[in-house]
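A.B. asks: Sequence:
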Amino acid sequence: MAPRKRPENQKTPEVVVRPKSKRNRSPRELEPEAKKLCVKGPGSSRRFDSGLWAGLASLRVPPLCSSIVRALHQHKLGTAAWPSLQQGLQQSFLNSLASYRIFQKAAPFDRRATSLAWHPTHPSTLAVGSKGGDILLWNFGIKDKPTFIKGIGAGGSITGMKFNPLNTNQFFTSSMEGTTRLQDFKGNTLRVFASSDTCNVWFCSLDVSVKSRVVVTGDNVGHVILLNMDGRELWNLRMHKKKVTHVALNPCCDWLLATASVDQTVKIWDLRQVRGKSSFLHSLPHRHPVNAAHFSPDGAQLLTTDQKSEIRVYSACQWDCPPSLIPHPHRHFQHLTPIKASWHPRYNLIVVGRYPDPNFKSCSPHELRTIDVFDGSSGKIMYQLYDPESSGIMSVRPGPSNNKWEEAGIEPHGSKMTNYSSHALLLLPPLPPHAHPLVSAAQ
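Residues 945 to 1387 in this note's numbering are what the sequence shown spells out, letter by letter.
Heads up, a few of these hints could be off.
Straight line, CA to CA, 27 angstroms or less: simulated BS3-like cross-link-like pairs of lysine-lysine [claimed, not checked]:
no., residue 1, residue 2
1, K1049, K1130
2, K1186, K1252
3, K1252, K1155
4, K1185, K1130
5, K1106, K1221
6, K1087, K1049
7, K1130, K1106
8, K1106, K1089
9, K1087, K1155
10, K1130, K1187
11, K1020, K1049
12, K1106, K1155
13, K1130, K1186
DEER-style ranges, computed between Cβ atoms [stated by the list, open to error]:
no., residue 1, residue 2, range
14, D1331, N1180, 40 to 46 angstroms
15, D1331, D1054, 23 to 29 angstroms
16, S1259, G1099, 19 to 25 angstroms
17, G1099, Q1030, 41 to 47 angstroms
18, L1178, S1227, 34 to 40 angstroms
19, D1264, L1178, 27 to 33 angstroms
20, V1165, C1196, 43 to 49 angstroms
21, V1154, P1266, 19 to 25 angstroms
Think of the hints as simulated: they come from the structure by calculation, not from any bench. We put the beta carbon where it would ideally sit given N, CA and C, even for glycine.
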């Protein structure tokens, strides 16, 4: 619309204003000018100080991304602190969860999936282990047939998997076969790090530190073994009274080790000062056996999952303080892949599969088996994912980037629990309109 002409008999008062230099202007005074820079069209001849803002100027920002752009803009002007920027990015991610759907499925095993790991440098590649010892190496970004490594069958359950950070064409596994070993993608055993030599003792968990060049693994009778990358045993100690379900090295302080056990404790250890079973730094008692203990990506928090209905968040600088408690139904029994809450790799969010329990105080009739997302600071539930195409119980592990998750689980038939076809699933944002939203790799 053309602007109205000012009547000729109306005079504009003359006001002389001396413009301030940019050095003397406050951030609030500069903000309108910065906003004008951001909304100029592609035909403008004005030069921008930053290529980022030049690119944003010609874009129409979708509603879900507006909070990100606003947060970046305010941070650029110095009016928003970094935590508020992180919060804006996290909220935008939570908003995007409404569009998540199952992207691909694969059912390569005759027994349920028991262990999952994402490749550290190839975001489209993951490894899945089964109760029969089978291993699937799956690059869902290409149409080639996934690599399948046949296991020994009964008694060969893969209990832990970790890609070798020094050579990502190799991976570590712990298993009920009684070994913790290093393998290549062809299934060849490159080195056996630990072996029980008896069917009564097996290994339940493992972790690897690239900084310290060590491998740590725990067994079903409470022992934890520390080895270097050459396979030399540094120590072998009984640190718990019962099975060690999980071992985790702190990503920032690689000498800090957390061990979880069915003896209802999580213990914190300094690898530089381990002398025996009583040399732990802290012991964190729980009311039920514990499935997992995960350090947050920044190493500042510890997330634990019991075998009943409780998730805890501990602060690394205040181990003695009461933790944040999150009531959540995820009860455990032997035919179910243990549900372990995990940290989101980028945001302060907790992701965990829900196994509805009629005895849980807040259980509602016909409650769905969802994937629950909690805020790591407040403990509030932020979102629940559910797809009717996959109604089984989910053991979830977020991938290296924020838009890929993997799941494994079982599905009930009648009054008994049987294998859920051992699906490994991926959840991704919606595909382009011309693409099919659900691709099944195996039925």
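A.B. asks: So, for every hint listed, does it hold in this structure?
C.D. replies: Now for the hints, and whether the structure bears them out:
no.: 1; hint: K1049 - K1130; verdict: holds, 23 angstroms
no.: 2; hint: K1186 - K1252; verdict: holds, 17 angstroms
no.: 3; hint: K1252 - K1155; verdict: violated, 35 angstroms
no.: 4; hint: K1185 - K1130; verdict: violated, 37 angstroms
no.: 5; hint: K1106 - K1221; verdict: holds, 26 angstroms
no.: 6; hint: K1087 - K1049; verdict: holds, 13 angstroms
no.: 7; hint: K1130 - K1106; verdict: holds, 16 angstroms
no.: 8; hint: K1106 - K1089; verdict: holds, 22 angstroms
no.: 9; hint: K1087 - K1155; verdict: violated, 35 angstroms
no.: 10; hint: K1130 - K1187; verdict: violated, 31 angstroms
no.: 11; hint: K1020 - K1049; verdict: violated, 42 angstroms
no.: 12; hint: K1106 - K1155; verdict: holds, 15 angstroms
no.: 13; hint: K1130 - K1186; verdict: violated, 35 angstroms
no.: 14; hint: D1331 - N1180: 40 to 46 angstroms; verdict: holds, 44 angstroms
no.: 15; hint: D1331 - D1054: 23 to 29 angstroms; verdict: holds, 24 angstroms
no.: 16; hint: S1259 - G1099: 19 to 25 angstroms; verdict: violated, 40 angstroms
no.: 17; hint: G1099 - Q1030: 41 to 47 angstroms; verdict: holds, 46 angstroms
no.: 18; hint: L1178 - S1227: 34 to 40 angstroms; verdict: violated, 22 angstroms
no.: 19; hint: D1264 - L1178: 27 to 33 angstroms; verdict: holds, 29 angstroms
no.: 20; hint: V1165 - C1196: 43 to 49 angstroms; verdict: violated, 31 angstroms
no.: 21; hint: V1154 - P1266: 19 to 25 angstroms; verdict: violated, 34 angstroms
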